[in-house]
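Can you make the complete structure from the sequences, with help from the hints?
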Amino acid sequence: MKAFTYQRAGTPAEAAAAAAQHPGARFIAGGTNLLDLMKLEIETPPHVVDVNGLELDKIEPMPDGGLRVGALVRNTDLAADLRVRRDYAVLARALLAGASAQLRNKATTAGNLLQRTRCPYFYDTNMACNKRKPGSGCAAIGGYTRQLAIVGHSDACIATHPSDMAVAMQLLDAGVETVRPDGTARTIPIADFYRLPGTTPHIENTLTSGELITAVTLPQPLKGRHYYHKVRDRSSYAFALVSVAAVVRPDGVGRVALGGVAHRPWRVPAAESRMPQGAKAVTDELLAGARTTADNAFKVPLVQRTLAAVLADARKA
Amino acid sequence: MTDSTDINQTRRDLLIGGALSATAAALPLGCAHGAESGAATPAPVTAKVALRVNGQRRELELDTRTTLLDMLREHLHLTGTKKGCDQGQCGACTVIVDGRRINACLSLAVMHEGAEVTTIEGLGTPDKLHPLQAAFVKHDGYQCGYCTPGQICSAVAALDEIRRGVPSHVSADLNAQPLLSPAELRERMSGNICRCGAYSNIIDAITEVAGGKA
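Chains A and B are the protein sequences, given in the same order. Counting from 1 along the first sequence, just add 11 to a position and that's the residue number in the numbering used here. Counting from 1 along the second sequence, just add 138 to a position and that's the residue number in the numbering used here.
Any given hint could turn out to be false.
Keeping only pairs whose Cα atoms sit at most 20 Å apart, straight-line, the calculated PhoX-like set for lysine-lysine is [what the hints assert, rightly or not]:
{"#": "1", "chain 1": "A", "residue 1": "Lys234", "chain 2": "A", "residue 2": "Lys327"}
{"#": "2", "chain 1": "B", "residue 1": "Lys186", "chain 2": "A", "residue 2": "Lys13"}
{"#": "3", "chain 1": "A", "residue 1": "Lys234", "chain 2": "A", "residue 2": "Lys291"}
{"#": "4", "chain 1": "A", "residue 1": "Lys291", "chain 2": "A", "residue 2": "Lys144"}
{"#": "5", "chain 1": "B", "residue 1": "Lys221", "chain 2": "A", "residue 2": "Lys50"}
{"#": "6", "chain 1": "B", "residue 1": "Lys266", "chain 2": "B", "residue 2": "Lys276"}
Read the hints as simulated data drawn from the structure, not as lab findings. Since this is a predicted model, take the numbers as computed values, not measurements.
Given below as structure tokens:
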């Protein structure tokens with residue numbers, strides 16, 4: 012690990028200002044992803060701003076009937092919150108499907124959103140990776156691609172986003188509240204938060220330099236049955252091959268988002284209008300234009316079958 | 139007979155001695171102080187941290203890069219907590235911080251100002267075992283024992299999570315009190331890998347302490 016200076020921030024604005032003053036600085040909260048990457052020297056921040064003291068750890072009701080989730084709310088606490096379990100089950104299920112209990116105890120809401128990819132070529136510093144070292148190429152293309160993206164990827168990067176929580180947040184139309192180094196605050200709709208790789212896969216979201224996530228807002232609850240079905244190589248503690256987040260009403264109308272298939276949580280409004288027509292119609296729309304490899308072509312039928320299982324269960328209700 | 143002390147040197151002593159001599163050979167003294175080495179090898183950045191470990195107050199000044207795991211093992215010599223993968227995958231480093239289990243390898247020591255840390259050494263002693271320690275012995279919940287301190291710390295916290303009603307991935311009803319079933323315990327213990335494969339005995343040990351049938 013490269014040496015770094017360390018600072019405990021007292022307020023969100025102070026944290027954002029500190030990050031802006033130290034180019035390349037990183038915020039640290041849970042640290043479960045950042046420290047792993049620092050040990051491998053994939054992340055080499057010269058300055059680390061500890062935001063754990065910022066008191067952004069509350070879950071509060073909002074006037075519109077939604078919830079505001081503080082950036083530092085731990086994954087365990089968000090999944091265990093009685094309101095989340097009752098009204099946002101898709102989110103509780105997504106959180107509980109991710110990582111291990113030890114990691115969920117540390118990992119935060121904002122940190123989960125900002126997880127880096129688990130593409131093995133990003134982790135292996137001997138390999139070319141445009142995300143780790145812009146312009147160096149992508150060794151994953153033409154390599155071992157079983158886990159990697161089938162839709163929305165580019166000739167520069169075929170990595171997937173690893174978060175389960177973010178897939179549920181995408182489904183729920185969450186908002187990402189931030190503060191910038193000049194003290195101004197804004198809310199970024201999650202639909203505008205993540206970027207596709209294009210020619211700049213190292214730029215993963217629309218946060219600006221030093222911008223700190225302070226909360227995630229959830230609009231009022233969605234009626235219908237909530238699902239998060241995650242398919243993986245072992246039944247616990249593994250990243251998704253594909254995952255399906257869905258909220259389905261008895262008449263078959265609803266929303267759907269996918270994990271494990273793209274550089275960002277994957278949601279296509281046109282696909283949702285076809286939900287009453289069944290899993291094939293929805294999958295055709297969701298994965299229109301998919302480009303698969305021999306290794307990961309299985310993800311297309313896997314999405315359709317997982318979605319079919321969800322829709323069949325919803326009809327039983 | 140004068141050789142007996144050498145013969146009785148423990149494996150740990152040998153490993154420590156070996157590691158020290160290797161470090162001494164690899165690191166010129168000047169590097170450690172950053173005096174003659176110039177800008178290429180700057181002196182380590184340090185920071186202070188005060189916390190409680192197994193009920194005892196500790197104050198340290200550490201390289202900011204020191205993980206909670208390395209603080210426990212290398213600075214406080216609490217070697218019960220083990221380093222397995224050092225990347226959060228195996229759970230051998232599991233300790234309980236402020237009542238919650240975490241991977242000590244994926245946390246910086248300096249982030250734990252004021253924290254209350256419990257390691258395997260704080261749970262029980264050879265004369266007075268924690269109930270889970272006794273149950274692991276009774277049910278043969280290990281072979282080599284390397285993952286065991288992490289397994290036991292993790293199990294202590296897992297049972298507390300069930301008591302507090304924290305749901306898991308396999309809980310059929312998110313809003314009901316979780317069961318003490320083997321399926322629940324296996325899911326909740328999935329962050330602790332046992333290379334020897336003592337899983338079924340580990341679940342038996344935890345089930346007995348939880349008050350279920352082993």
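Comparing the hints with the structure gives:
no. : hint                : verdict
1   : Lys234/A x Lys327/A : holds, 16 Å
2   : Lys186/B x Lys13/A  : holds, 19 Å
3   : Lys234/A x Lys291/A : violated, 24 Å
4   : Lys291/A x Lys144/A : violated, 39 Å
5   : Lys221/B x Lys50/A  : holds, 14 Å
6   : Lys266/B x Lys276/B : holds, 15 Å
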